[in-house]
Amino acid sequence: MHEIRDAEAVPGNQVVMDAANALEISPGALVRDVARPVAATIEAFLASVERRAWRVAEIALRDPDEALDAVQDAMMRLVKHYSGKPAEEWPPLFWGILRRRITDLQRRRTVRNRILVWTGHAVTEDDEELPAWEAPDLGPDPARALASRQAHAAMSKAIRALPRRQQEAFMLRVLEGLDVADTAKAMGCSAGSVKTHLSRAMDALRANLEEWR
Amino acid sequence: MITTTTKNETDGLPRDDEVAARARAIFRSACEGADSYHTLRLGLARGKALNVGAKRAGLRVWAPLVGAAACCALVVGVVWMRPVPHATSGTSIASSAAGQSDQDEVVIPEVSSEQMEMVQNLDFYRWLAAQPSVASSPSGGGR
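So the protein sequences, as listed, match chains A and B. Under the numbering used here, residues 46 to 258 are what the first sequence spells out, in order. Under the numbering used here, residues 27 to 169 are what the second sequence spells out, in order.
Treat each hint with caution, since some may be false.
When the alpha-carbon atoms are kept at most 30 angstroms apart in a straight line, the in silico BS3-like pairs for lysine-lysine are as follows [claimed, not checked]:
{"no.": "1", "chain 1": "A", "residue 1": "K130", "chain 2": "B", "residue 2": "K81"}
{"no.": "2", "chain 1": "B", "residue 1": "K81", "chain 2": "A", "residue 2": "K230"}
{"no.": "3", "chain 1": "A", "residue 1": "K130", "chain 2": "A", "residue 2": "K202"}
{"no.": "4", "chain 1": "A", "residue 1": "K230", "chain 2": "A", "residue 2": "K125"}
{"no.": "5", "chain 1": "B", "residue 1": "K74", "chain 2": "A", "residue 2": "K230"}
{"no.": "6", "chain 1": "A", "residue 1": "K125", "chain 2": "B", "residue 2": "K81"}
{"no.": "7", "chain 1": "B", "residue 1": "K81", "chain 2": "A", "residue 2": "K202"}
{"no.": "8", "chain 1": "A", "residue 1": "K202", "chain 2": "A", "residue 2": "K230"}
It should be emphasised that the hints constitute simulated quantities derived from the structure, not laboratory data.
Okay, chain A solo, but in the shape it has when bound (with noise of 0.2 angstroms):
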């Protein structure tokens, strides 16, 4: 309680930057067994990394075929810019790529749908919120997969109603394990940035964590 006490004669800004400092103290809470070996090709690379890249996608769009074409583009992209830096780099470089296509689409689709609103045919959040087909299950365990599927559904509303800044430090950070250095260079700002959004995320989806049971 004292200690809450303290907490609030502190301006909140700088209890952001404490909350960060503290997830930076223990940097291996968030990254523990995410790390990955470096590729050695840029085909082992992308192989490797395809479908992460597709369900960050489909989280921040909604959309799975826009999200493969979202991957499609950064793949391209990064082989045809980026094959000849060492493997080391291929990480930033491409979750920076996918991050901006992923924003780009997003701000083509608010156009679009300002556009829609104009014409009277915008499409709501009900409509949007709709299930999509999915094919039927043939696992062993069809209760256990659509427990799993209901869970990252879940957390896939929760991250979306975050802040786009937070999201992108949250997906990058925490889900697909890049450290604070590569996650700045990825999202093209500074690592104090990339610790004070992923704080706040942090605080928004602790919330959330009995829902993805």
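Once you've looked at the hints, dock chain B against the given chain A.
Just chain B, lined up with the frame of chain A:
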């Protein structure tokens, strides 16, 4: 130093590492459970990206060579087509000089001394040409 862990414990909310671990587990499960249609399309997208890269790599090798060859051809063409200044006869110089409006000085053709002598005795040669009967009928007049 206030940490999020302490604050979260007092609030009864999960810690950051719990949130992160749960999110990662859900995300990993979703990635592993991707349907075959999208997995196949991802593989095709990867193949397409790598093909584009291979074509570009080929272009990267050949483009400088083709460019260098084109430059050489251009240089050879320019050298070949350029008019070379060379010595010409007096008549051609005179005709070319006459064609140039900005060149005021008159170029006098070079004439040999024999031709000059002929020009000076032009009246004599005209007279000589007008006397055909004397030269062409020597036999009739002599008898």
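Results of checking the hints against the structure:
no. : hint            : in the structure
1   : A:K130 x B:K81  : holds (18 angstroms)
2   : B:K81 x A:K230  : holds (29 angstroms)
3   : A:K130 x A:K202 : violated (36 angstroms)
4   : A:K230 x A:K125 : holds (19 angstroms)
5   : B:K74 x A:K230  : holds (26 angstroms)
6   : A:K125 x B:K81  : holds (9 angstroms)
7   : B:K81 x A:K202  : violated (40 angstroms)
8   : A:K202 x A:K230 : holds (26 angstroms)
Hints 3, 7, counting from the list given before, are not met by this structure.
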